[in-house]
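Just so you know, the protein sequences line up as chains A and B, in that order. Okay, so the first sequence: first residue is 1 according to the working numbering, each after it adds one. Okay, so the second sequence: first residue is 945 according to the working numbering, each after it adds one.
Honestly, the hints are just simulated from the structure, not real lab data. Do not take every clue at face value.
[Stated by the list, open to error] Some residues of chain B that are not near chain A, with every Cβ distance over 10 Å (derived):
1. 958
2. 975
3. 984
4. 1006
5. 1073
[Unchecked claim] Straight-line Cα separation of at most 27 Å, DSS-like style, residue types lysine-lysine; simulated pairs:
6. 39(A) with 50(A)
7. 37(A) with 5(A)
8. 16(A) with 989(B)
9. 50(A) with 29(A)
10. 16(A) with 957(B)
11. 50(A) with 962(B)
Built from N, CA and C at the ideal position, the CB exists for glycine as well.
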Amino acid sequence: MAPMKGLTVFIADVRKCRSPEEEERRVNKELANIRLKFKEPGLNGYNRKKYVCKLIYMSLLGYDVQFGHREAVELINSAKYSEKQIGYLAVSLLLTEDSGFMRAVVAALRRDVYDANECNACLALSAITNVATREIAETLTEDIVAQLVSSSASMFVKKKAALCLLRLLRRFPEAVNAQQWAARVVPYIGHRDIGVTLSVASLVTALAQQHPDEMRKAVGLAIRRLKSLVADGEHTADYVYYRVPAPWLQVKLLRLLQYFPPPESPEVRAMLAGILRRIIDQSQDAARELQQMNAQYAVLFEAIGLGIHLDAGQGLLQDSAALLGRFITSRETNVRYLGLEAMARLATYIDDVGAIKQYQGVIIQSLRDRDTSVRRRALDLLYSMCDVDSARAIVDELLRHMAIADLALREEMALKVAILTEKFATEYAWYVDVMMRLVSLAGDHMGDEVWHRIVQVILGNEELQLYACRIALQSLRAPVCHESAFKVSVYVLGEFGHLIANAPDCAPIDQLKAVQAKMPAASPAARGVALTAVAKFANLFPEIKTLCLRLLDRFRSALDVELQQRACEYYALATVESEDLLPAVLEEMPPFPERQSALVSRLLAKGGDTEDQRTWVLGTRDTARAQQQQQQPSRPGPEAGQDGTTAAAAADGDGGGDAAQGSSASDDAGEDGQQHQQSPEALALVARGRKHYARLLWESDGILYDGDEVQVGIVAQYKPPAGRVGVFVGNKAAAPICDLVIEARAAASPPGDSSDAPGLEIRLSEAQAPPDSLLPLAQARVFFDAMCSGMFEAPPTLRIAYTLAGAPSELELRLPVTATHFVDPVTIAVSDFFARWEQLGAAGIGEAREVFRTPFLATDGGAGPWLRSVVGGMGFALIQGADPAPDNIVAVGIASTAQAGRFGCLMRVEPKASHGLTRVTVRATNAVLAAAVVANLSTILAER
Amino acid sequence: MIRFILVQNRQGKTRLEKWYGGYTEQERQKLKAEVHRTVASRDQKHQSNFVEFHNNRIVYRRYAGLFFCFCIDTNDNELSCLEAIHLFVEVLDAYHGNVCELDLVFNFYWVYAVLDEMFLAGEIQETSRSVILARMDQLGNLE
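Just chain A, with the same shape it has in the complex:
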């Protein structure tokens, strides 16, 4: 493209400005000038291109450019390539997806994708990756597939088509119908053009995660392609990068293979092992430049990853360990970094960590590396290589390092220390000592999860309690007692102080004094915990009851509301004239029911989010865990668990505020941790969950939940009053899932509803139980039979529980089975609709009406048809032409129940695009049904 003189002059002018104000004046002058020019008739293409370019430049400088969109669209429609190119650039940089010009852009894309000039087709395909909308995904996917597999399309078109599909697939997985075409694109992974293969490999990698069965053919093709690159030297010189043949393609293919289970055929496995061996050998060649070394290592690290995945004979893994051992002492920081990361992955899988342990000293040294990125990897590696033999040394080292570690790293470090100590402790004393040191050292940098967990562990292990009491008293008497240490200590003494009451210096009065001495300096939250302990003392030790009461009495006038309430309640409890009340309420806490350590989930929540699934997850060594199961302090024996079951319900709700039925104290200890970690990712997950649920209110099939570990899909069929709901649970993690439980239960009828009316019944279909374990990428399917006996308000709950890598998890989802799912469409004459409408209105049995904010109506031309398909999807028949206003939708449906009869339902939806509002009125012969229809529409519209 010839340079545009006006543009160059303008850029130079802007650069000459000496102050931001001057620059702004110059930009504003130009904006005014361009506005004027755009209004003049007969603006030629060159000038239009030039002005739009200036606008792009201004927007890149950070100025808000709100016009020129029309001109950008005109440029797209130009016949000249250079103008079209700038037009599409402007569209991708200036326009947002809700722009009014999007329609025109989509129309142009539709035309250009098929343009005989492949350069134009390429522009359109590139643009689609930038402005991918649902409409494009729904209407153009098939055409783009056709371009990819067409024999006449150029290599450039094919590459872009493949990545275009990838973009649409990631953005709108349900709209692109990947099953339809997935198998057709696989063969292109063997295409002779390396650029095409590379792009297709990215696409196939994504497809392999969603449709592993259809993509299985890719394995053979990828292996053959790899062999030709690595062993046979079949590649053109163009693709050799610093003497390494097509490193990017090698990396992509090696990665792709990690998404499939290892090949079963021994020959293929041998071939693959040969390829990996060759890559490892080749990486030993001394590289002449940094680029060559980086490219070699990029391939090498990916090969090691694949080797671990294949478990390619422990020989290969041992060699990898030796190689990585060299890397982590490399002078190149990048290599050290990657070496540590790969070793952490290896440590998680390899049977014998001996090969890694010999580097323990070096790894600990790396905690002091100059680069914080490297320090982080060293921490990860220590965490994953730790086993029962090395636990003491590693934990000691981490604790020693805690004081000097970067602030950003401390929380993670504290979590990891806590998890490792709990997992690998063989002596109770060690566990307690380490944890008390940990909370004193890092208390400021960690959440409440850590001290909650310590209390849970102590409560669950009788053998721990006596020693814990001694240490608790000791730490209260220390000159400085950290806040978290204080909480643990007073909690432990409150529960088990009686165990040491006969020892010298540990009499009840001494314990109370120790608690009291540290209270003034403690935070209100910590004092709250202390008050509970004091109340427990009052119960346990009659000899100091008066002293305890005096202390509680003092806090009855505390300024802090929480403390005041606790003090008042405890005081009242302790002074009430009843022999049984106090002991009953303040009884010793039962062990906590075994559940996933909040520490682990907290740590996992810190893991990254990725577009492709992770090929591995940082974890500790499972094998070591199995051996240690007996000795772990964190696992109460089955007897202990049984003892606790009666009171477990109480413990569930409120960990430490046990006594306080009326108290709002819920943060003392042992909260699940789930509520505490509303991280952005968790919130995003919840938001996505709502979207999925909303969609399933009017569509029968789709995804209900898509988390990091599992994906849940729904396929439903209704023959009111009966329904059959298929639930598909897919394992997205890299490790197998076990102890899988999938169950659904109907919501309990709301309190106050004494009618005992039958509602929804839902039960597992036939006798088919779900499998209780799931391999990575495998899917379990379960069918539920639903029977609508009468109208009901709340949807049933779907509970999915499983254990992944030793950590139990549980999901509770709303199952999209609502009253409106049992509605069938009914067609009535156009003239009858309003007659029935008035009748129902007069009857006044069930009417629900609401106005919703629907701003998308104004900007999205597709909203009208969408609304119609929603109403149709909910099981209503649209009565065309009954409503005088053409935009309005009127519809009729009838709900069937097994016992309560059938209920007619009329609906009227009045969208007002100009106000961005939609009014929905529903009249039915049943009030619950009317409310349910409006409630569902509210959910659907809110998530649009």
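Once you've looked at the hints, dock chain B against the given chain A.
Below, chain B without anything else, positioned relative to chain A:
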């Protein structure tokens, strides 16, 4: 996948930005400032080219006064990304001798075209220097 690409000078002025993930305008402004703070403060000699960034990772390399920063998933291959940056710079160099900040400023539309030829939808598309250069020549000669 690549979440975004930023080319910034030492003062933190962004000379090239490409967003592959869905980021709002406010998020973009915030990320640009954060990336600059994160990357510019690192020791270029003794530290790696990788740095943790929120839940992702930034792979970056400095060429004269310009930082080329690619934000990728923690699961991705860092070295392959690092060399993709180098390849990108080599292609730019082929046109401007030793590419400098001013070249990016005055020819921004051309730089975007090169970028679209090499990376698309957050994935690498073409890795042959000669194929890219020939294609850019061909497109540049079209009217």
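Do the hints match the structure? See the list:
Some Cβ of chain A comes within 10 Å of the Cβ of residue 958(B); the nearest lies about 8 Å off, and the non-interface call is violated. With a closest Cβ-Cβ approach of about 14 Å to chain A, residue 975(B) is found to remain outside the 10 Å limit, as its non-interface label requires. Distance check on residue 984(B): its Cβ is at least 15 Å (rounded) from any Cβ of chain A, clearing the 10 Å threshold; non-interface status holds. With a least beta-carbon separation of about 14 Å from chain A, residue 1006(B) lies farther than 10 Å from that chain, consistent with its non-interface assignment.
At the 10 Å boundary, the C-beta of residue 1073(B) falls inside the reach of chain A, the nearest C-beta of that chain being 8 Å off. In summary, the hint linking residue 39(A) to residue 50(A) is supported, as the alpha carbons are separated by about 15 Å, within the 27 Å threshold. Under the criterion of a C-alpha separation no larger than 27 Å, the hint pairing residue 37(A) with residue 5(A) is consistent with the structure, at around 17 Å. Restraint check: the Cα-Cα separation between residue 16(A) and residue 989(B) comes to about 34 Å, which exceeds 27 Å; the hinted pair is violated.
Of the supplied pair hints, the one linking residue 50(A) and residue 29(A) holds, its CA atoms being roughly 16 Å apart against a limit of 27 Å. Distance hint between residue 16(A) and residue 957(B) is fulfilled; the C-alpha atoms sit about 16 Å from each other, no more than 27 Å. For the proposed pair residue 50(A) and residue 962(B), the alpha carbon gap of about 22 Å is at most 27 Å, so the pair holds.
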